[in-house]
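The primary structure of each chain is shown beneath.
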Amino acid sequence: MKILHYWRAMWGIIWRECWRFVTQRERFVSALVRPLVWLFIFAAGFRSALGLAISPPYETYILYEVYIVPGLCGMIQLFNGMQSSLSMVYDREMGSMRILLTCPLPRWFLLLSKLLAGTAVSVLQVYVFLGIAWCYDIRPPLQGYGWILPALVLSGLMLGALGLLLSSFIKQLENFAGVMNFVIFPMFFMSTSLYPLWKIKESSALLHRLAQYNPFSQAVELIRFALYGQFNQHTFIYTLVAFIVFMTLAILGYNPSKGMMTRKGGAG
Amino acid sequence: MSQPLRQTNSKEIALSIEDLSFSYSGKKALDQVSFDIQSGECTVLLGPNGAGKSTLFALITRLYDARSGRIELCRFDIKKQTSKALARLGVVFQQSTLDMDLTVMQNLGYHAALHGMGHKLAKQRIQEELERLNMYDRRKEKIRQLNGGHRRRVEIARALLHKPSLLLLDEPTVGLDVPSRQDIVEHVHSLAKDDNIAVLWATHLIDEIYPDDRVIILHKGQVKATGTVDDVLQQTATSSIKDAFYVLTQGLQG
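Those protein sequences? They're chains E and P, same order as listed.
For the first sequence, the residue numbers in numbering that gives the first Met the number 0 are 0 to 267.
For the second sequence, the residue numbers in numbering that gives the first Met the number 0 are 0 to 253.
Hint data in this document are derived by calculation from the structure and do not stem from the laboratory.
Quick reminder that beta carbons are idealized off the backbone N, C-alpha and C, glycines included.
Take the hints with a grain of salt, since some may be wrong.
To be verified - If you anchor each label on the Cβ, the simulated ranges turn out as follows:
1) E:Tyr5 <-> P:Asn195: 47 to 55 angstroms
2) E:Leu239 <-> P:Lys119: 33 to 41 angstroms
3) E:Pro55 <-> P:Lys119: 48 to 56 angstroms
4) E:Leu239 <-> P:Tyr209: 52 to 60 angstroms
5) P:Gly49 <-> E:Arg106: 26 to 34 angstroms
6) P:Asp18 <-> E:Phe27: 45 to 53 angstroms
7) E:Trp18 <-> P:Val177: 29 to 37 angstroms
8) E:Leu239 <-> P:Lys78: 45 to 53 angstroms
To be verified - Computed footprint of chain E on chain P, listed as stretches where at least three residues anywhere in the stretch have a Cβ under 8 angstroms from a Cβ of chain E:
9) 56-62
10) 108-115
Said to hold, decoys possible - Facing chain E, a subset of chain P residues (Cβ under 7 angstroms, in silico):
11) Ser82
12) Ala86
13) Phe92
14) Thr96
15) Met99
16) Asp100
17) Met104
Bound conformation, chain E alone:
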């Protein structure tokens, strides 16, 4: 009976998030515009500037557009994860989070369900993006579209948990602009989403190291390999461990007796 309760609540939370996203047309469109601008404009411009040698999972020379597609999938999830996690924290004072937190289920489960729901939305976005990329002649093998799903779920959860963790602990990151400057951009540019690791190594050893240990890089590589029907164990474990660490800390941060909300104070 209790398990059924968990199950129903989780699907309720996921369904609500997806439905809201689909009905809010502007949100849907603007979520797609960002990666498409990168793909159609940035990547097209850089096509000639960046020569890419053959490196796994690619078996042949590829165009730059092909290379950055997995990175842009990651970017969709990065923005989405940060945005939905931030709204979770700042909604809680008055918004729908308050209703969610008064339902009789453990808080960790509600947060996890919320993260899953945010991830589901980002996965939807990624598939629409990949559909458009397909029309643009970027066509990974068909089975890749299936393999990418579990990879996207894991990377979405990891990035969502990171967002939740940041927003519970760091008081300064109260607006999205701050998060863009201090988290999203460094994470995105210091990763393998726009250029391969060996390319970074050529210019700076330090950057290379940072990019290598950046969990976002690992998530992007997990997605890249999955899109070409390959399972990359190292990136999988790295992303999974990062998720567990971020999630555990985030739950501690969200705990009413320890979290930031009591430190920040509220309405009298």
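Take the given structure of chain E and dock chain P to it, following the hints.
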């Protein structure tokens, strides 16, 4: 200091608060608050802005965790038996917590799912509660299309879906016109009487108090008076709740 109410045969204690204190960065928002609320009674929590009403609600709904004092919901400790306690609680928050772009039905269905209700039961409960509030015909409308009074009704229906023993309302009539206010005040009072629900209603509008309500007056984080309307009048030697409220809040400032 408050006098805890004793349990009688027909009534159960739905909410029990004992020595509850809470402070924000050193400033006391609640100071040794204690009171009980029984089933079938409507208790009005009166207090000026900043009295600690919202903090109290945040603690009962576990948005914050109290470090000192106890909160029990239907005899379940909110800290130790959280899920059992929360299952008996229905809340209407001051700010609307409905999804504007979802329909009435979708909003209520979401809440039913959170409380683990199956599809059939949820549908039946939603129909029951909406019909009581004359809102069933509007179930397919988006919340955005409803006026403030109707939105409040949906929130009350939602808070009752899982048949709670205690209903908390945080200034639910703020910003509503007079007829909508009256409807809601009457409906909530009838819930206490007919369904034996314990109601805790925070407000600063004195005309929402019925003569047989119980009253708790909170000021600067302390319970200044508690009891029936008559009790409070007697305690303060006044003839109206308005005067009593004035004596207990303004009179004591300074």
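Going down the list of hints, with the structure as the test:
For E:Tyr5 and P:Asn195, the Cβ-Cβ distance of about 30 angstroms falls outside the hinted range of 47 to 55 angstroms, so the restraint is violated. Separated by about 38 angstroms at the C-beta atoms, E:Leu239 and P:Lys119 satisfy the suggested range of 33 to 41 angstroms. Roughly 52 angstroms separates the CB atoms of E:Pro55 and P:Lys119, a value that falls within the hinted 48 to 56 angstroms. Here the CB-CB span from E:Leu239 to P:Tyr209 is close to 58 angstroms, well matched to the stated 52 to 60 angstroms.
Checked against the hint of 26 to 34 angstroms, the pair P:Gly49 and E:Arg106 passes, with Cβ atoms roughly 28 angstroms apart. Our hint of 45 to 53 angstroms for P:Asp18 and E:Phe27 holds, since their Cβ atoms are close to 51 angstroms apart. The given range of 29 to 37 angstroms is respected by E:Trp18 and P:Val177, whose C-beta atoms sit roughly 36 angstroms from each other. Between E:Leu239 and P:Lys78 the C-beta distance comes to about 32 angstroms, which lies outside the given range of 45 to 53 angstroms.
Evaluation of the coverage hint for the segment 56-62 of chain P: fulfilled, as 4 residues show C-beta separations to chain E shorter than 8 angstroms, against a requirement of three. For the segment 108-115 of chain P, the assignment as covered by chain E holds, since 8 residues bring a beta-carbon within under 8 angstroms of that chain's beta-carbons and 3 suffice. Taking 7 angstroms as the C-beta contact cut-off toward chain E, the hint placing P:Ser82 at the interface holds, the least distance being around 4 angstroms. About 4 angstroms separates the beta-carbon of P:Ala86 from the nearest beta-carbon of chain E, less than 7 angstroms, and the hint is met.
Below 7 angstroms, beta-carbon pairs count as interface contacts, and P:Phe92 has one with chain E at about 6 angstroms; its hint therefore holds. Contact between P:Thr96 and chain E, as hinted, is supported at the beta carbon level, the nearest pair being about 5 angstroms apart and thus within 7 angstroms. Because the beta carbon of P:Met99 sits about 10 angstroms from the nearest beta carbon in chain E, more than 7 angstroms, this interface hint is broken. Restraint check, P:Asp100 versus chain E: the minimum CB separation of about 5 angstroms is within 7 angstroms; hint holds.
The beta carbon of P:Met104 comes no nearer than 12 angstroms to any beta carbon in chain E, farther than 7 angstroms, and the hint placing it at the interface is violated.
Of the numbered hints given earlier, the model fails hints 1, 8, 15 and 17; all others are met.
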